[in-house]
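Trainee: Each chain, written out:
2 protein chains.
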Amino acid sequence: MSRTIVVGAAQLGPIARADSREVVVARMIALLEKAARRGCDLVVYPELALTTFFPRWFMEDQAEVDAFFETEMPGPATAPLFAKVKELGVAISFGYAEKTVIDGRVRRFNTSIIVDKTGAIVHRYHKVHLPGHTENEPWRAFQHLEKRYFEPGDTFFAPADCLGGKLGMAICNDRRWPETYREHALRGTEMVLIGYNTPYHYPLAPEHDHLQCFHNHLAMQAGAYANGMWVVGVGKAGNEENCVLIGQSCIIAPTGEIVAMASTLGDELVTHDCDLDRCTEIRANIFNFQKHRRPEMYPLLSAPV
Amino acid sequence: MSRTIVVGAAQLGPIARADSREVVVARMIALLEKAARRGCDLVVYPELALTTFFPRWFMEDQAEVDAFFETEMPGPATAPLFAKVKELGVAISFGYAEKTVIDGRVRRFNTSIIVDKTGAIVHRYHKVHLPGHTENEPWRAFQHLEKRYFEPGDTFFAPADCLGGKLGMAICNDRRWPETYREHALRGTEMVLIGYNTPYHYPLAPEHDHLQCFHNHLAMQAGAYANGMWVVGVGKAGNEENCVLIGQSCIIAPTGEIVAMASTLGDELVTHDCDLDRCTEIRANIFNFQKHRRPEMYPLLSAPV
Numbered sequence: 001m002s003r004t005i006v007v008g009a010a011q012l013g014p015i016a017r018a019d020s021r022e023v024v025v026a027r028m029i030a031l032l033e034k035a036a037r038r039g040c041d042l043v044v045y046p047e048l049a050l051t052t053f054f055p056r057w058f059m060e061d062q063a064e065v066d067a068f069f070e071t072e073m074p075g076p077a078t079a080p081l082f083a084k085v086k087e088l089g090v091a092i093s094f095g096y097a098e099k100t101v102i103d104g105r106v107r108r109f110n111t112s113i114i115v116d117k118t119g120a121i122v123h124r125y126h127k128v129h130l131p132g133h134t135e136n137e138p139w140r141a142f143q144h145l146e147k148r149y150f151e152p153g154d155t156f157f158a159p160a161d162c163l164g165g166k167l168g169m170a171i172c173n174d175r176r177w178p179e180t181y182r183e184h185a186l187r188g189t190e191m192v193l194i195g196y197n198t199p200y201h202y203p204l205a206p207e208h209d210h211l212q213c214f215h216n217h218l219a220m221q222a223g224a225y226a227n228g229m230w231v232v233g234v235g236k237a238g239n240e241e242n243c244v245l246i247g248q249s250c251i252i253a254p255t256g257e258i259v260a261m262a263s264t265l266g267d268e269l270v271t272h273d274c275d276l277d278r279c280t281e282i283r284a285n286i287f288n289f290q291k292h293r294r295p296e297m298y299p300l301l302s303a304p305v
Numbered sequence: 001m002s003r004t005i006v007v008g009a010a011q012l013g014p015i016a017r018a019d020s021r022e023v024v025v026a027r028m029i030a031l032l033e034k035a036a037r038r039g040c041d042l043v044v045y046p047e048l049a050l051t052t053f054f055p056r057w058f059m060e061d062q063a064e065v066d067a068f069f070e071t072e073m074p075g076p077a078t079a080p081l082f083a084k085v086k087e088l089g090v091a092i093s094f095g096y097a098e099k100t101v102i103d104g105r106v107r108r109f110n111t112s113i114i115v116d117k118t119g120a121i122v123h124r125y126h127k128v129h130l131p132g133h134t135e136n137e138p139w140r141a142f143q144h145l146e147k148r149y150f151e152p153g154d155t156f157f158a159p160a161d162c163l164g165g166k167l168g169m170a171i172c173n174d175r176r177w178p179e180t181y182r183e184h185a186l187r188g189t190e191m192v193l194i195g196y197n198t199p200y201h202y203p204l205a206p207e208h209d210h211l212q213c214f215h216n217h218l219a220m221q222a223g224a225y226a227n228g229m230w231v232v233g234v235g236k237a238g239n240e241e242n243c244v245l246i247g248q249s250c251i252i253a254p255t256g257e258i259v260a261m262a263s264t265l266g267d268e269l270v271t272h273d274c275d276l277d278r279c280t281e282i283r284a285n286i287f288n289f290q291k292h293r294r295p296e297m298y299p300l301l302s303a304p305v
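Chains A and B supply the protein sequences, listed in that same order.
Per UniProt numbering, residue 1 is the first one in the first sequence, and the count goes up by one each step.
Per UniProt numbering, residue 1 is the first one in the second sequence, and the count goes up by one each step.
Among these hints, one or two may not hold up.
Said to hold, decoys possible - To be clear about the criterion: a stretch of chain A counts as covered by chain B if any three or more of its residues have a C-beta under 8 Å from a C-beta of chain B, and this derived list gives those stretches: (1) 7-19; (2) 45-59; (3) 67-80; (4) 91-100; (5) 151-159; (6) 199-208.
Claimed, not checked - Derived, one-sided and incomplete: chain A residues facing chain B with beta-carbon distance under 10 Å: (7) 113; (8) 130; (9) 181; (10) 182; (11) 211; (12) 214; (13) 226; (14) 242; (15) 266; (16) 270; (17) 271.
If you're looking for bench data, these hints aren't it; they were derived computationally from the structure.
Backbone N, C-alpha and C fix where the C-beta goes; we use that ideal spot for every residue, glycine too.
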């Protein structure tokens, strides 16, 4: 039986602060319908796909922050997306700000989910590597307050059985950490779905601004190759509220090759036939973990800081 | 005080099986003299620099194998290289097959050393990730018997204080493993010196032959970027005993950028002024380990297989 998943990387252009969920969901549905016509099994959208990237603003009023969070999934605004998934029989993955109650305590995560072809949520992930800072830093051109608005995720990098394979997720800054891919691979993940919002301008080291697109691909291509897994990296792109986000959303083979890439900074779908069995080309050979890894020589990797 | 090290990556062309150590050392000295004229502080040579890459042959006679090993360093053939180091005041690093006696037991390692400007060996490393196989596999165009001829190294990835910085080593296949760079970085390494012998043809997955140069750079560039360290990757290149080895020896900045690269498959020197203080551009920001790593979320990385 073929284990080929036809994947669509559905890049989104900018989302204004004033845009409603309904407006965004309509754009996502338009890409989903296009993907269905292209024969896609799975469509991957960016991190925090339903709103503008709100951690760029310092907000003291928690109610103002919470307006960017979802308290149910699907909710009234996202129900049409789930209905379309079921109607078309195309699975999706997307990110959103999740406000939930666990053991009586309110918790907020930068979350990503996989929704299968029936419209059921089959996998959920909370962002582990939250970048940025916790306090207002007015010297910056824009803030990056993920460490303020979200709790760090406490779910391991692990796949779910979906579409005949083992699919996992990571979010934005997670993709820069080699640990993300390796933890996934050691649990058998064959494809990692990654959404991102990445500005060109990095206030802490603006001398690297021109390298943002290079670093985006470098980290994901290396993660794919060193672990023999498919990587789907999908950004929100373009000038969003005067913060320009990189595009170049792409699909990367287990060899590290970019096999599909967006060429605009707007809503755009790129697709590829991803054969999960190709993971073994790498994993049975050069990166046969069982045969060649030397964990006794890596004592510091799991050690507390 | 400036912490800039002028580094020369001294690629070697093929070495025939019949070539003596003296012939090879003369070639290494010629590159060293050139490097001195270019103002280099440090010259980096390939893995197993003194002989042909002998693990490509199955040999049953241990004496035949041992002829490729050094039992002293420096020995009669390598003494002129050490003398030249001292004369010119240029530090070097190179790889060789080391036969040594530890606690009364003969041991054989794929070894790399750093020799400081006075000609003293200041750091020694035994290859951790031995690739290949242990038995003769005649179906291959050539063998890869590192797992037969060497013991796996048991020294951690760690730097030595040298040339005003923290310099470490890795060897060939080590460079494909993200663990190598991370273990180094967690111990403070600012520059990793890596020698390699990499055939274009990979018998286990020949469909990837055309990707060898891409993978070589991808792994090293990602290791440099994800750890904010300099990487110097130096190959033995060209058609060696009917096995074609890749070149593209290079120096990579802590941003992951290739800043110098060989453009032949022969003896060639490329140089770059490597400012060790540039490591902080990455380590104090995007990859501030103390602030952003989540080792509690990486339980499998150090876990026994």
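Trainee: All hints are to be evaluated individually against the structure, with a verdict given for each.
Mentor: These are the hints, each one checked on the structure:
1. 7-19: violated (count 0)
2. 45-59: violated (count 0)
3. 67-80: violated (count 0)
4. 91-100: Three-residue rule not met by the region 91-100 of chain A, so violated; n is 0.
5. 151-159: holds (count 5)
6. 199-208: holds (count 5)
7. 113: violated (19 Å)
8. 130: This hint holds: residue 130 of chain A lies near chain B, its Cβ roughly 8 Å from the closest one there, short of 10 Å.
9. 181: For residue 181 of chain A, the interface hint holds, since the closest Cβ of chain B sits about 8 Å away, which is under 10 Å.
10. 182: This hint holds: residue 182 of chain A lies near chain B, its Cβ roughly 6 Å from the closest one there, short of 10 Å.
11. 211: Since chain B brings a Cβ to about 6 Å from residue 211 of chain A, closer than 10 Å, the hint holds.
12. 214: holds (7 Å)
13. 226: Status holds, d = 5 Å.
14. 242: violated (22 Å)
15. 266: violated (27 Å)
16. 270: For residue 270 of chain A, the interface hint is violated, since the closest Cβ of chain B sits about 21 Å away, which is over 10 Å.
17. 271: Violated - the Cβ of residue 271 of chain A stays beyond 10 Å from chain B, reaching only about 23 Å at its closest.
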